[in-house]
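S.K.: Read top to bottom, the protein sequences are chains A and B.
The opening position of the first sequence corresponds to residue 2 in this note's numbering, with each subsequent residue numbered one higher.
The opening position of the second sequence corresponds to residue 117 in this note's numbering, with each subsequent residue numbered one higher.
Derived by calculation from the structure, the hints in this document are not laboratory data.
The structure presented is a predicted model; accordingly, all values stated were derived computationally and were not measured.
Only true hints are included.
Distance condition first, Cα-Cα at most 25 angstroms in a straight line; then the derived DSS-like pairs of lysine-lysine:
1) K163/B <-> K40/A
2) K118/A <-> K200/B
3) K56/A <-> K200/B
4) K40/A <-> K78/A
5) K200/B <-> K78/A
6) K236/B <-> K40/A
7) K78/A <-> K163/B
8) K56/A <-> K236/B
A few chain B residues that don't get close to chain A, going by computed Cβ distances all over 10 angstroms:
9) I136
10) L139
11) L143
12) S188
13) P189
14) N190
15) D191
16) S194
17) S206
18) V213
19) G234
20) A247
21) S248
22) G281
The C-beta atom is built at its ideal place from N, Cα and C for all residues, glycine as well.
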Amino acid sequence: MTRGFVISFDALIAASMVFMMLMAATAYLASAKFESREKIALRQFGNDALAVLEKSGELEYAVQNDRVSGIRQFLNKLPHIYCAELKVYPTEDLNNPDFLVLRPGCNKNFLDYTSAKRVFIVDNDDANICLAEMNMWYRVRE
Amino acid sequence: MNRKGQVFTTDSILALTVFIGVLAITLAYGISMQNSIDRNEESYFLKEIATASLNQLLYTPGTPANWETLASPNDINSIGLANKRGILESAKVSRLVDLNSSYGDAKMLLGAGKYDVGIKIERLQNGQELASFGTFGGAGTTVVSGARTAHYNNENVLVRVMVSG
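From just these sequences and the hints, can you work out the full model?
M.R.: Next comes the structure, spelled out in structure tokens:
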């Protein structure tokens, strides 16, 4: 007498498919992160940093005197997890920055990369309008 | 021979064992996933509180705008430290430090609700603490923090907020 087997070939295929779907669902759920949220926080930090640099007069001083030591010091003192790069452009040429300051020891991490911009006025002989661009990302281990 | 069908055969025992095994694994996995979701949700919620508190402190003067002159926390609707965006007012910072004595009321005004909140204002140049409010790293199991730069008493500062729950 031939007895029926519960685990037949069909059942094996069905079980394999269920298992694969379960694995796919698990992998998808495990990959879900709050990345966009981290980016928003980073951009807010960048916007505030630009506001502080403008209101403390560091941006204007740097353009007037072509000295970025104050900005460099500011970037160096930010919390360790933040990496930042500041570019200042004259508004008549947004392709070539007047200067660029990069926080030392920061490799670019384009996964969490945000950009904040702020326009400010430099009081020279006539009022010049400049654009500051703060690019920020989280520090990655080297 | 008159053989009667047996419900409790070897096949059935095997099938039941497999079924119970799969059920147990599914339940354990479901519970583990639920715990993970709960932890993420709480962390997400605490981050929301930290971000909202920082925005409130750094971007608004509070409500009413002269809240720092009011004696009772009951007369204050919300706490803010800025007279302009990102520029902190000394009198408001001092009053916030005074509100340590009414911590429970003050954290409500910051939108922290049942969670513990701590605020520190540090000199950006050397990390020296200039003002502090609330508790840091309370009894809660989940702790999140946020930090922003601001301008206070003609120097650049870092405002840190820590929320635990």
